[in-house]
Amino acid sequence: GAVVSQHPSWVICKSGTSVKIECRSLDFQATTMFWYRQFPKQSLMLMATSNEGSKATYEQGVEKDKFLINHASLTLSTLTVTSAHPEDSSFYICSAEGGASRGQETQYFGPGTRLLVL
Amino acid sequence: AQSVTQLGSHVSVSEGALVLLRCNYSSSVPPYLFWYVQYPNQGLQLLLKYTSAATLVKGINGFEAEFKKSETSFHLTKPSAHMSDAAEYFCAVRTGANSKLTFGKGITLSVRP
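Quick mapping for you: the protein sequence lines, in order, are chains A and B. Using the numbering used here, the first residue of the first sequence is number 4, and each one after it goes up by one. Using the numbering used here, the first residue of the second sequence is number 174, and each one after it goes up by one.
Extracted from the complex, chain A is given alone in its bound form:
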C-alpha cells in the first residue's frame, strides 16, 4: 500500500521547452503532495507544497512562474518546468501525505524523474 508513481521517469529536452511531470497516489487519496529537487550526492530540497484545489506554497527562492504546480485531484499533482534551461537539470521527486488511513504525518515518495535539459 501507499504507492506513489511519477511519470515520466526520465526526460531529455531542449533548452526553452516546457516539461510536465506527473505525480499520482495510486492506492490512497492525498490532500497534500510535495515536490522536491535532489542534486547529486545531496539531500532533498523542498520546492513546494501542493494542496488539492488550492494554490501551491513555494519555498523561498523557488520561482513559482518557472515551476508551475497543479493539484487538480486527490490523486494527481503535476509539476511543469517552463522554459527549461540546463541549470534546471536535476532529479525531481514528489511525495504524498498518507492521510487518515496511512498516517497524515507520513510522506510516501515517488520514484523520481530525471530531467536533462540540453
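Treat the hints as calculated values from the structure; they're not laboratory data. One or more of the hints may lead you astray.
[To be verified] Distance ranges between label pairs, derived from CB positions:
1) A:Ser-104 - B:His-183: 10 to 20 Å
2) B:Ser-185 - A:Ser-8: 31 to 41 Å
3) B:Gly-235 - A:Asn-73: 37 to 47 Å
4) B:Lys-273 - A:Glu-55: 28 to 38 Å
5) B:Thr-250 - A:Leu-29: 26 to 36 Å
6) A:Lys-17 - B:Thr-250: 46 to 56 Å
7) A:Glu-55 - B:Pro-252: 39 to 49 Å
8) B:Leu-229 - A:Ser-92: 35 to 45 Å
9) A:Lys-17 - B:Ala-227: 45 to 55 Å
10) A:Leu-79 - B:Lys-278: 45 to 55 Å
11) B:Gly-181 - A:Ala-75: 39 to 49 Å
Don't be surprised by glycine CBs; every beta carbon is placed ideally from N, CA and C.
The hints should help you fit chain B onto chain A, whose structure is shown.
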C-alpha cells in the same frame, strides 16, 4: 525549529556485520521521526517511523530504530548486513502533519563481501 544531524557521510560494513546508522534530532515539540532508504536513481522508500507509540520501532528488511528522548537520538540498526542493504539512508523529522519534513544530509552504506 527542527533539524536532523547524521554524522559522517559513509559507513562501510562487512556482510553479516551489525549496521548502525546514527541520527540525532532537534525539536521543540515531540517529533515524528522517519528513516528512508534510497537506491541509485530511485525515490525514497520508508523504512520505519516513530509516531509517539512504542520507542523501539521495527521496519522493513530487518531494520529497527529506537527513539531515545534523553539522547535526542533515533539510530537505525540491523543485526546482520546484506549486500542488498547498500544504499543511501536518510533520517528525517517532522513536528506535525502541517510541518515540513526536514531531512538529514544522508549517509551512504556500503557492504563488503
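Item to complete: Return holds or violated for the Cβ distance of Glu-55 of chain A and Pro-252 of chain B against the range 39 to 49 Å.
Response: This hint holds: roughly 42 Å between Cβ atoms.
Discussion item. If I claimed the Cβ atoms of Leu-79 of chain A and Lys-278 of chain B lie 45 to 55 Å apart, would that claim hold in this structure?
Written reply: 31 Å Cβ-Cβ, so the 45 to 55 Å window is violated.
Item to complete: For the range 46 to 56 Å, tell me whether the beta carbons of Lys-17 of chain A and Thr-250 of chain B fit it or not.
Response: At 48 Å between Cβs, range holds.
Practice prompt. Determine whether the Cβ-Cβ distance between Ser-104 of chain A and His-183 of chain B falls within the hinted range of 10 to 20 Å.
Written response: violated (37 Å)
Worksheet item: Between Lys-17 of chain A and Ala-227 of chain B, is the Cβ distance one that fits in 45 to 55 Å?
Response: Given a distance of about 53 Å, which is inside 45 to 55 Å, the answer is holds.
Fill in: Outcome for the supplied range 28 to 38 Å, where the beta carbon pair is Lys-273 of chain B and Glu-55 of chain A
violated (18 Å)
Worksheet item: Quick one: are Gly-235 of chain B and Asn-73 of chain A within 37 to 47 Å, going by C-beta?
Response: At 40 Å between Cβs, range holds.
Discussion item. Range first: 26 to 36 Å. Now tell me if the beta carbons of Thr-250 of chain B and Leu-29 of chain A are that far apart.
Written reply: Given a distance of about 31 Å, which is inside 26 to 36 Å, the answer is holds.
Worksheet item: Using the C-beta atoms of Ser-185 of chain B and Ser-8 of chain A, is the stated range 31 to 41 Å upheld?
Response: holds (33 Å)
Worksheet item: Do the beta carbons of Leu-229 of chain B and Ser-92 of chain A sit within 35 to 45 Å of each other?
Response: Cβ of Leu-229 of chain B to Cβ of Ser-92 of chain A: about 42 Å, so the range 35 to 45 Å holds.
Worksheet entry | Range hint compliance [Cβ, Gly-181 of chain B to Ala-75 of chain A, 39 to 49 Å] | holds (43 Å)
In this structure, the earlier hints numbered 1, 4 and 10 are contradicted, and the remaining ones agree with it.
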